[in-house]
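In order, the protein sequence lines correspond to chains D and G.
Sequential numbering from 1 applies to the first sequence in the numbering used here.
Sequential numbering from 448 applies to the second sequence in the numbering used here.
It cannot be assumed that every hint is accurate.
[What the hints assert, rightly or not] Residues from chain D shown here face chain G by an in silico Cβ test under 7 Å; the list is partial:
(1) Tyr149
(2) Phe268
(3) Glu269
(4) Asn270
(5) Glu277
(6) Ser311
(7) Val314
(8) Lys333
(9) Ala336
(10) Asp337
(11) Val344
(12) Arg347
(13) Gly349
(14) Met351
(15) Trp411
[Stated by the list, open to error] Rough simulated footprint, nothing fancy, chain D against chain G, three-plus residues with beta-carbon under 8 Å:
(16) 535 to 542
(17) 555 to 562
(18) 574 to 586
(19) 650 to 663
Hints were generated in silico from the structure; no laboratory data involved.
Note that beta-carbon positions come from the ideal geometry of N, C-alpha and C, so glycine has one too.
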Amino acid sequence: MKLSTKPYQLTSIAMLRSNQILTIGLFVALFTSATFNHLSAADSGYGYPIEDPLAATVIGTPKEYQADLGAPKKVKLFKLKVFKDRVTPKYFWYSDKITYGLLQQKQKAPLIFVIAGTGGNYTGSKMRTLSSAFYNAGYHVVLLPSPTYMSFIIAASNTSVPGLLDDDSHDLYNVMKLAWSTQLKSRIEVSDFYVTGYSLGGAQAAYLAHIDEQQKFFNFKKALVINTPVSLLSSVDILDDYLDNNFKTGEEFQVFWRKLWDALTKRFENSKAGTLELTPDFLFDAYRDGSPKDEDLEGLIGTAFRISAASLMVTADVMSQSGYIVPKGASAKVSADVSDYFVVAHRTGFMEYAQELMLPFYQERDPAITFEKLVQRASLYPLEDYLRNSKKIGLMHNEDDIILAAGEMDWLKDVFGGRSKIYPHGGHLGNVAYEDNINYMIEFFKQ
Amino acid sequence: MKAKSFFQAFLILFALGFGGCATQPDVGDETATRTLSDVLPEGDEVAVKAFYDPWEGYNHWMYNFNAKFDRYIFIPTVNAYETILPGFARTGIHNFFSNLGEFSNLANSLLQAKPTQFGRTFGRLAVNSTIGIGGLMDPATNFGLVYQNEDFGQTLGHWGMGPGPYFVLPIVGPSTLRDAPSKIIDRIFHPLYEPEPWLADIKSEERTVISLVNAVDARANIGFRYYEMGSPFEYYWTRNLWLEYRQLEISK
């Protein structure tokens with residue numbers, strides 16, 4: 001069943017030569033290159049250097065502050081066909097299976113599942129950081145895609161319309177069981193099972209722990225929830241606004257895009273390096289040199305999120321035949337011009353997707369569902385009692401995380417109580433590679 | 448090699464004949480709930496359509512072909528290569544090819560009248576070919592002589608030629624009408640290829656093997672995997688970013 005292995009490496013722009021293929025990994029990093037903001041001195045005793053939450057979110061952790069995770073690890077990739085009878089649309093031929101990764105210890109060891117954030121799979125930098133850290137600490141690590149990742153929607157989602165946390169987590173649990181029984185069990189020796197996830201994957205880790213209490217397949221010993229949203233829709237509302245408030249027209253966006261590339265080109269011209277490497281250090285330097293502009297940072301973050309959201313909604317639309325952006329029954333050759341759908345999707349907020357695609361889709365199955373109920377099911381609130389009382393679940397978060405709406409941090413602190421570790425700053429996942437944070441995660445699972 | 452150049456020229460002509468007509472999706476009588484007119488104020492610009500891609504039909508098809516080639520042939524070959532050869536051997540091979548490529552960097556630095564760049568590349572070539580044991584190692588980087596790619600497409604760009612239409616090459620991937628034929632010029636500067644190998648006496652079948660290893664090595668050193676972005680619109684993103692990146696490369 002195992003189909004391919006690949007070196008676990010950053011798709012670095014340094015590898016990009018003129019006659020070669022572009023790395024998409026460049027993209028999000030690219031956006032970050034125009035980040036200009038000033039740096040305020042850390043005064044809280046917590047040494048992560050970036051106090052501005054927007055900048056922290058964009059830049060991540062500069063190398064000198066990162067935990068030493070050693071050389072990049074080689075992740076084994078597995079492809080998994082989840083539903084035997086599901087027919088994959090021709091246009092999506094490459095998504096007939098989901099892909100997940102494994103970092104395998106040589107001897108019997110505990111196993112930890114790591115769930116990616118919105119629109120992510122095993123390739124993201126946060127995944128790389130977390131998996132390396134747990135591997136170094138002696139775990140087998142299984143890197144799972146987010147239920148919002150394109151091929152997961154196509155190949156592993158029951159409804160193909162992601163967003164409801166309990167449903168999405170059941171899909172994930174399904175994948176985990178199937179992967180374990182058909183591909184992993186015969187290959188590795190495992191002592192105990194653990195689960196963690198970041199961002200939306202954090203919320204799913206909480207739900208997975210809950211599902212596992214009933215199904216008792218893995219009997220997770222502990223679960224760590226990292227930088228989770230409380231309510232998915234209140235978080236996406238913030239991220240939608242970042243984009244909509246800063247760009248009223250496509251023309252404004254183009255000006256922004258040009259400004260970004262000009263800034264990047266200028267920096268590259270003046271640098272000693274012969275190739276462009278968009279590391280946190282490169283971005284951190286740009287940030288320290290530049291002048292502050294919150295709207296640019298918001299624009300970047302909003303854009304990165306919008307790209308994930310657009311992919312999600314078009315995939316869900318086609319798979320569920322909702323006729324929202326792509327007409328029902330439409331078929332396209334792989335060579336077709338689908339740029340109109342591109343434009344519509346990238347100009348549609350996640351909130352609109354929730355109201356105009358998700359809601360009618362779920363109402364057709366259950367007329368009693370209202371938008372309020374949908375919002376509820378896309379949040380941690382239904383799990384409140386469990387989260388309050390389950391000793392195995394912990395929380396790692398940041399006081400200034402940009403994805404939380406007013407009052408949500410207080411709710412988290414109240415619910416998780418002594419099982420929460422809240423850092424004073426770091427934005428959304430900016431500090432996840434910082435030494436203290438890595439140590440905390442490892443320690444949490446040891447106890 | 449003559450046959451290969453001919454083949455490349457043919458492909459360009461083929462693309463020219465093919466071009467223009469990207470088909471629209473077949474939608475039947477249905478309309479979607481949300482369409483362009485809902486999101487696009489009159490007279491507004493659309494970034495994704497600002498990139499010059501008159502041959503989208505061909506390009507998009509070839510992009511997809513390359514993805515299949517990658518999945519079923521290229522990547523499995525790379526995996527085998529990585530299983531068979533230990534890391535230090537692969538690094539040696541990579542450095543070796545990279546060192547041979549410096550001749551083209553050198554020539555193009557000269558053609559772009561960039562003395563500093565020329566000096567640095569010359570230094571790299573000298574250091575790596577000697578202390579670096581014929582290019583197997585790369586001590587030059589440690590001496591601060593960093594690698595910088597220059598090719599004939601960049602040279603043309605440097606002197607003001609625009610990229611022309613976007614053009615996806617078979618197997619190689621994204622390129623433009625300016626850059627694709629430039630690759631033929633770059634091979635003239637390559638010691639092992641056109642018109643006759645000038646660095647060593649190499650038979651044509653040996654050249655074929657070397658070309659194959661070169662290709663596998665090149666692929667092994669690019670982290671990019673097709674259709675991993677997780678977007679139905681990956682074609683557009685790679686195209687737009689590729690074109691922007693080339694522009695940035697030319698500026699240096």
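Query raised in the report: Per the CB criterion, is Glu269 of chain D less than 7 Å away from chain G?
Result: Hint on Glu269 of chain D: holds, closest Cβ of chain G at ~5 Å, below 7 Å.
Report task. Would you settle whether the hint for Tyr149 of chain D is holds or violated, based on the nearest Cβ-Cβ distance to chain G being less than 7 Å? Result -> Given a least distance of 5 Å, the restraint on Tyr149 of chain D holds.
Report task. Go through the hint on Val314 of chain D and say holds or violated, using the shortest Cβ distance to chain G against 7 Å. Result -> holds (5 Å)
**Report entry** Hint check, Gly349 of chain D versus chain G [nearest Cβ-Cβ separation less than 7 Å]
**Finding:** This hint is violated: Gly349 of chain D lies away from chain G, its Cβ roughly 10 Å from the closest one there, beyond 7 Å.
Requested in this report: Three residues minimum, CB to CB under 8 Å: does the region 650 to 663 of chain G make the cut for coverage by chain D? Let me know.
Outcome: violated (count 0)
Requested in this report: Count the residues of the region 535 to 542 of chain G whose CB lies closer than 8 Å to any CB of chain D, then report whether that count reaches three.
Outcome: With 0 residues close enough to chain D, the hint is violated.
Report task. Return the status of the interface hint for Lys333 of chain D: holds when the least beta-carbon distance to chain G is below 7 Å, violated otherwise. Result -> Because about 6 Å separates Lys333 of chain D from the closest Cβ in chain G, which is inside the 7 Å limit, the hint holds.
Query raised in the report: Holds or violated: is there a CB of chain G closer than 7 Å to the CB of Trp411 of chain D?
Result: Violated, because the Cβ-Cβ distance from Trp411 of chain D to chain G comes to roughly 31 Å (cut-off 7 Å).
Query raised in the report: Do the numbers back the hint for Arg347 of chain D, that is, is its least Cβ distance to chain G under 7 Å?
Result: holds (4 Å)
Query raised in the report: Does the CB of Ser311 of chain D sit less than 7 Å away from some CB of chain G?
Result: holds (4 Å)
Query raised in the report: At a threshold of 7 Å, is the proposed contact between Ala336 of chain D and chain G supported by beta-carbon distances?
Result: holds (5 Å)
Query raised in the report: Against chain D, does the region 555 to 562 of chain G show at least 3 residues with beta-carbon separation below 8 Å?
Result: violated (count 0)
The structure shown violates the earlier hints numbered 4, 5, 13, 14, 15, 16, 17, 18 and 19.
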